[in-house]
Structures are given as C-alpha cells and as structure tokens.
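J.: What follows is each chain in one-letter form.
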Amino acid sequence: MRHIISILIENESGALSRVAGLFSARGYNIESLTVAPTEDSSLSRMTLVTSGNDEIIEQITKQLNKLIDVVKLIDLAESAYIERELMLVKIKTTHETREEVKRMVDIFRGKIIDVTPNSYVIEMTGQSNKLDAFVHGFDAESIIEVVRSGPTGISRGEKGLHL
Amino acid sequence: MKLELSGGQILVQCLKDEGVEFVFGYPGGSVLHIYDAIFHQDEVKHILVRHEQAATHSADAYARATGKPGVVLVTSGPGATNAVTGIATAYMDSIPMIVLSGQVPSPVIGSDAFQEVDTVGITRPCVKHNFLVKDVTKLAETIKKAFYVATTGRPGPVLVDIPKDITDPNIKVPYHYPEKVSMRSYNPIVVGHKGQIKKAVDILLQAERPIIYSGGGVILGEAHQELIELTRLLGYPITQTLMGLGAYPAPDPLFLGMLGMHGTYEANMAMHESDVILAVGARFDDRVTGKLSKFCPYAKIIHIDVDPASISKTVKVDVPIVGEVKPVLEQMLEMIREASHQPNKPALVEWWKTINDWRSIDCLDYERDSNIIKPQYVVEQLYEVTGGNAFITSDVGQHQMYAAQYYHFNKPRRWINSGGLGTMGFGLPAAIGVKLAYPDSDVACITGEASIQMCIQELSTALQFNTPVKIINLNNRYMGMVRQWQEFSYQSRYSQSYMDTIPEFVKLAEAYGHVGMRIEKPEDVRGALEEAFAMKDRTVFLDFMTDRTENVYPMIEAGKAHNEMKLRVAPSTPFDSELS
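If you read the protein sequences in the order shown, they are chains A and Y.
Counting from 1, one number per residue, gives the positions in the first sequence under the working numbering.
Counting from 1, one number per residue, gives the positions in the second sequence under the working numbering.
Don't take each hint at face value.
Restraint ranges, calculated between C-beta atoms of paired labels, are given here [said to hold, decoys possible]:
(1) 157(A) <-> 189(Y): 21 to 31 Å
(2) 150(A) <-> 489(Y): 22 to 32 Å
(3) 499(Y) <-> 38(A): 55 to 65 Å
(4) 118(Y) <-> 158(A): 56 to 66 Å
(5) 26(A) <-> 499(Y): 35 to 45 Å
(6) 24(A) <-> 286(Y): 18 to 28 Å
(7) 26(A) <-> 36(Y): 23 to 33 Å
(8) 24(A) <-> 530(Y): 22 to 32 Å
Just so you know, these hints were derived from the structure itself, not from any lab.
The beta carbon of each residue, even a glycine, is placed where N, CA and C say it ideally should be.
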C-alpha cells in the first residue's frame with residue numbers, strides 16, 4: 001500500500017543523503033522525495049512516498065526515527081490528510097490547437113504561465129492522479145517537457161507535525 | 001579569562017575531560033596538528049598500531065571489556081578507509097566507539113586533494129552517526145555530542161571528521177567542554193511501558209514450556225545481575241546468543257548453552273518446542289533463527305530491546321517492550337515477586353525432564369582419545385589452565401565457535417568477538433586492547449592460521465606497548481569453516497580454502513620479539529599452556545597443530561529449522577516432538 005511519510009529533519013548537510021542512503025541500503029522502495037526548509041530555518045520538511053506492507057512500513061518508520069537527524073515523523077496515511085503535487089508542463093501548440101489546450105487547462109483548473117507562438121507552459125496542482133489524467137489527455141508528440149515536484153502532504157484538522 | 005586553545009589542543013583536552021585513557025591511532029598529514037598536541041601531554045596515552053583496522057579493533061575490544069567507549073584517531077583518505085572494517089565491526093555489535101578522522105583542509109574539500117575521500121559519506125551506513133566539523137568553535141560541543149550519542153540508547157560507533165584547518169595551531173578559541181548536551185532529535189527510551197511489562201509477566205508466569213533467550217544487549221546494558229536473578233527466581237531454562245555469552249554463568253544447570261547455527265541440541269530444541277520465549281537484548285539474527293518460517297512455531301514471544309527497530313524486524317513478536325534491559329528486568333522482578341500466582345511447577349518439572357533428555361545426548365562430545373590434537377581439547381584445557389577467568393578474544397571461523405562452545409564463560413565482558421560482521425583479523429588487536437585495560441588479567445586470543453594473518457602485524461604493537469597476551473592458534477592448515485561448508489554443501493570441493501605456504505609461526509613470533517611454541521601432540525597441550533601463562537610478561541604464540549578435518553557440531557545448515565540440526569552422532573532414539 002502507498003504511504004506518505006512526513007519528516008521533520010535537522011537542516012544539516014548530509015541529512016538528505018542519510019534518508020536516501022537508508023532506503024537504498026535496506027532495499028526499501030522510494031517513489032518520490034521532496035525536501036525544503038520550514039518556517040524554522042534549522043529544520044527541513046521531507047515528504048516521502050513509499051509503498052509496502054504493514055511490516056515494511058513499520059520498519060521504514062522505525063529506521064527513519066533511528067536516524068539521529070530525524071526530529072519527528074508521521075505516516076500521513078494513518079489519518080485523514082490532504083496531498084498535493086505541483087506540475088509544470090510545456091505543450092506544443094498550433095493555431096488550431098491553442099483553444100482546445102486552454103479549455104483543457106480550465107477544466108483541470110490549471111494556469112497558463114508562459115506563452116510563445118508555438119507553446120504554452122501550464123502550471124497545475126492537485127493529487128498525483130489528477131496530474132496523470134491531465135498529461136494523458138495529450139498525445140506524446142505534443143508534450144515538450146513535464147516537471148513534477150512529487151507529492152507533498154499535510155494532515156487534516158488542528159493537529160500538525162511541529163516541534 | 002577563558003582558556004584559549006587551538007583545535008588540536010581542544011581535541012586532546014576534550015578526551016582528557018571525557019576521562020579517555022587510550023587513543024588507538026596512526027598519524028598522517030591531515031592529523032599532524034592533533035599529533036603535535038598529543039606530543040605535549042602524557043595524560044591520554046596514544047597506542048601506535050601498525051594498521052588502522054587494528055586501531056579500531058583494539059579500541060572496540062577495550063570498549064567491550066570495560067564498558068567505556070573506545071577512541072580511534074586516523075588520518076584522511078587511506079587512514080579512514082582502513083578504519084572502515086573496524087567501524088562496521090563495532091556497528092554490527094553495537095559497541096560504543098569514537099573515531100576521529102582527519103580530513104583535507106576545508107577549502108580543498110571536493111577537489112580530489114591528496115589523501116581525500118568522502119569519509120562521512122563512506123562511513124554513513126556503518127556508524128550510529130557522524131559529523132563533519134566546519135567551525136573550530138563548535139569542535140568541543142561536537143565531541144561531547146559524539147560521546148553522548150555513542151554511549152546512550154543502543155550504543156554504536158560515531159565518527160567525527162575534522163578538516164586540517166580546524167586544528168590549525170595558530171587559530172585559538174576559548175575552550176569550554178559542555179558537561180551535558182541535549183539533542184532535540186535524539187532521545188533514547190530508557191524505561192519500558194508498564195502495561196507491556198505487566199502483560200509480559202502474566203504470559204511468563206502462565207508458561208508451560210518457557211525459555212529465556214538473551215543476547216549482547218544484557219552485557220551492553222549491564223543487566224547480568226538482574227538476568228541471573230530473574231532466571232533463578234523463575235527456574236526457567238536460559239540460552240544465550242554468541243554475543244550474550246557470559247551474562248549468565250555457563251556452568252549453571254539452568255543454562256542450556258548457546259543457541260543458533262552452532263548452538264547446543266538442548267538449546268535449539270527447547271527454543272523450537274517452547275510455548276513462551278523471553279528475548280532480552282537479542283535481535284533474532286539469522287544465525288540464531290535459522291529458517292524464519294519454521295522459527296519457534298508454538299511460542300508467544302516477549303521482546304525487550306532498547307532499539308524499537310530491532311523489534312519485529314525479522315520475527316513478529318507478541319509483547320514488545322522498548323527500554324533499557326536493566327530497568328525493565330528490575331520492574332519485571334518486582335512484579336513477579338508481587339504476583340498472585342507463581343510459575344507452573346508441574347509443567348516445569350515435565351519441561352525440564354524433556355530438556356534433560358535432549359541434554360543427555362551430549363551434543364558437544366568429541367573424540368577425546370585421538371592422537372591428533374582436537375581443537376575442542378585445546379579450548380577445554382585453556383579453560384582449566386586459566387580457571388575460566390581469562391579474557392578471551394577470537395577471530396572468525398571454527399575456532400570462534402569452539403571458543404564459544406568449550407570455554408564456559410561465567411562473567412560478562414570476558415568473551416570478546418566479532419559476532420555480527422564476522423571480521424577475521426579482529427582477535428589479536430582486540431587482545432591488545434583488552435590487555436591495556438586489564439594489565440593484570442590473563443588475555444588469550446583464540447585464532448586460526450588464516451584469521452591471525454589478517455592482522456599479524458600487530459605483534460609489533462604488542463611488543464612496543466608491552467601487552468603480553470597469549471595467542472592460541474588452532475592451526476588446521478585450512479580455512480576451517482569454509483572447508484566445513486564446502487564439505488557439507490559442495491561435495492568436498494575445497495576451493496581456495498587452504499594455503500600451502502603457511503609461515504613458521506614460531507619464527508615469526510620470535511622475529512617480532514615474542515616467544516613462539518609449536519605443539520603437535522595432545523599430551524603436550526596442557527604443559528604448553530601452563531608454561532605460556534607462567535610467562536606473565538611475554539607475548540606467547542602457541543601454534544597448535546590440530547586435526548585438519550574436524551568440524552563444528554551441532555550445525556543448523558542454511559534453510560533449516562532449530563529441530564533439524566546436524567549432529568556429530570545422531571541420537572539413538574530420536575526425540576520426536578510429542579509436545580506439539
């Protein structure tokens with residue numbers, strides 16, 4: 001099963017490689033990993049998407065907690081949560097297709113953020129499957145480039161992952 | 001005014017403030033400032049090894065024998081990479097160790113400078129934690145953190161990588177060694193959950209076929225007294241892992257011997273047939289469990305461990321208790337004493353009867369009237385000559401198993417071996433580390449002619465620092481354990497498992513300034529050992545010519561379960577499970 005693990009980790013050099021190294025050393029699956037500093041510059045927040053049965057996920061969270069730089073973590077899948085991913089897509093356009101592409105962007109509540117005579121850059125956020133659906137709406141030749149941030153997430157309700 | 005010191009001086013002062021007696025190391029370009037600071041004092045003694053791997057093994061064994069962290073100092077590049085084997089050895093056995101490594105100056109890091117490697121990167125998977133010091137004003141605090149992390153929770157090696165500019169003698173900063181450090185990201189759990197302990201005690205007291213299975217955690221956690229008390233209070237059988245030997249006295253009747261791949265018949269059968277297992281500071285290693293799917297099919301498992309990640313890692317447990325073994329066992333003892341009911345006496349009588357039947361086959365018996373020296377006999381004689389009181393280090397292979405089986409350890413911290421990583425070359429530097437800690441005690445290294453050659457150069461260190469240890473070389477002219485596996489699993493195709501140019505160890509020992517003895521007949525074994533141990537101030541290399549084809553029994557071969565042991569002699573009446 002797919003799990004999203006949110007990690008607060010010391011913003012130290014090498015912290016990212018400790019997490020990445022743990023996954024490769026122990027053979028855990030890693031689908032995506034995003035990392036950026038938080039409002040407290042001494043801390044980074046990582047969002048890690050992985051999959052595995054309950055035993056594997058339990059080991060993953062235990063091993064992550066064991067890393068000295070990891071301050072706190074939660075498995076978002078354990079309660080209600082919101083997940084979003086950012087995607088930037090560069091699409092080839094022609095005079096005939098521009099309107100159709102724009103309609104697609106509106107349907108998916110995306111934004112066109114760059115325009116040339118032959119292309120659009122589209123910004124879109126949402127759950128990963130929505131982004132997948134949008135990309136699948138185009139034929140492969142018209143897509144110039146796709147950039148995705150990987151999912152990031154937050155729990156619903158008042159409680160949060162903080163110190 | 002505050003004391004102003006250079007980075008090199010700070011490092012040495014930190015070690016003094018930590019009460020460090022010995023630093024095991026080897027100098028080189030990146031650590032010259034530190035070595036100069038060492039030169040100006042004599043409080044912290046530097047032990048100059050002949051190879052950095054040995055520095056880590058000596059420091060590691062010092063820690064195993066004393067409980068205090070071992071300290072290593074190596075230079076950048078090859079100094080650090082040579083230390084990696086020893087760091088990994090300590091990591092696998094959870095040994096507290098501080099490794100100080102020099103690094104090229106900060107401005108040239110990343111430029112492939114002379115003797116530069118990414119030490120923090122290379123060691124990351126085999127340390128509990130590591131640091132790269134970027135600011136001399138943070139050096140003392142970093143060292144304090146290193147000691148704190150290495151010695152608390154589940155202990156382990158911590159490496160501090162120190163670029164040369166950080167130890168520059170011309171840059172001095174105020175020195176302050178913090179008495180305590182706290183880290184928001186590191187708070188090891190000490191006390192176990194009371195509800196869980198209560199649950200464990202209830203299950204333990206209801207057991208009909210219980211067994212206590214304890215490991216190295218009991219020794220690391222200084223909980224042997226509590227373990228002994230608990231075992232005797234309950235009257236339950238106890239078995240120990242390779243790393244746990246000595247925590248419970250081996251000669252005691254409740255002790256069934258070691259379990260696992262080369263464990264005793266009675267210990268493995270009792271594990272297999274048990275209905276309740278109390279695992280204390282042990283980690284269900286594959287050499288203990290055998291085939292996981294067939295492991296202890298009838299047992300409810302209680303597991304006490306300081307490391308939550310050890311719990312349910314390979315074997316799913318029923319009652320996990322996270323905490324240090326000592327306070328958890330103390331709480332258990334208290335609850336058992338106050339409990340309304342006591343162990344099930346009639347069931348225990350039956351259980352012990354079954355166990356004693358298993359015991360009666362005497363699985364460790366061997367051919368005692370052989371006219372070739374049997375390796376087991378040498379270990380038995382060593383046990384008698386030293387009164388069971390020596391510190392025994394070992395290398396890795398058959399001799400290690402013979403040591404574990406036939407030297408009946410009755411005190412903790414006397415059995416010093418590389419259990420997890422299985423590092424050949426460990427034994428001799430380990431013996432030196434132990435002898436430095438306990439100069440008045442007998443220290444023997446049980447080894448083989450293959451293992452000993454992996455760190456033989458340390459005979460030179462032993463002379464320089466006057467560490468008279470006794471080397472018990474069980475010389476069978478084979479890599480015995482490799483040969484044994486090849487005999488059992490590869491139809492005796494002995495691929496590369498022997499050397500036909502084995503040195504004359506007597507001459508070699510003499511060349512290094514020690515005493516060498518070659519023993520070829522069983523009747524000379526006892527006398528040679530007595531003579532060697534009478535030479536209190538000499539390192540003696542005893543080269544025993546042992547039976548070439550002797551194997552370690554019992555053995556659980558790969559993929560087999562505890563009740564599928566290979567024995568030297570099959571029991572005349574099979575003890576099929578009537579219990580299950």
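J.: Next step is simple, just say for each hint if it's right about the structure.
T.: Hints versus structure:
Between residue 157(A) and residue 189(Y) the beta carbon distance is about 27 Å. The supplied range of 21 to 31 Å therefore holds. Residue 150(A) and residue 489(Y) have their C-beta atoms about 46 Å apart, which leaves the hinted 22 to 32 Å range violated. Look at residue 499(Y) against residue 38(A): about 59 Å separates their beta carbons, and that is inside 55 to 65 Å. Checked against the given bound of 56 to 66 Å, the beta carbons of residue 118(Y) and residue 158(A), roughly 44 Å apart, lie outside it.
For the pair residue 26(A) and residue 499(Y), the supplied restraint of 35 to 45 Å holds, since their beta-carbon distance comes to about 36 Å. Checking the proposed 18 to 28 Å range against residue 24(A) and residue 286(Y) shows it holds: the Cβ atoms sit about 21 Å from each other. About 42 Å separates the C-beta atoms of residue 26(A) and residue 36(Y), a value inconsistent with the hinted range of 23 to 33 Å. About 54 Å separates the C-beta atoms of residue 24(A) and residue 530(Y), a value inconsistent with the hinted range of 22 to 32 Å.
When held up to the earlier numbered hints, the structure conflicts with 2, 4, 7, 8 and fits the remainder.
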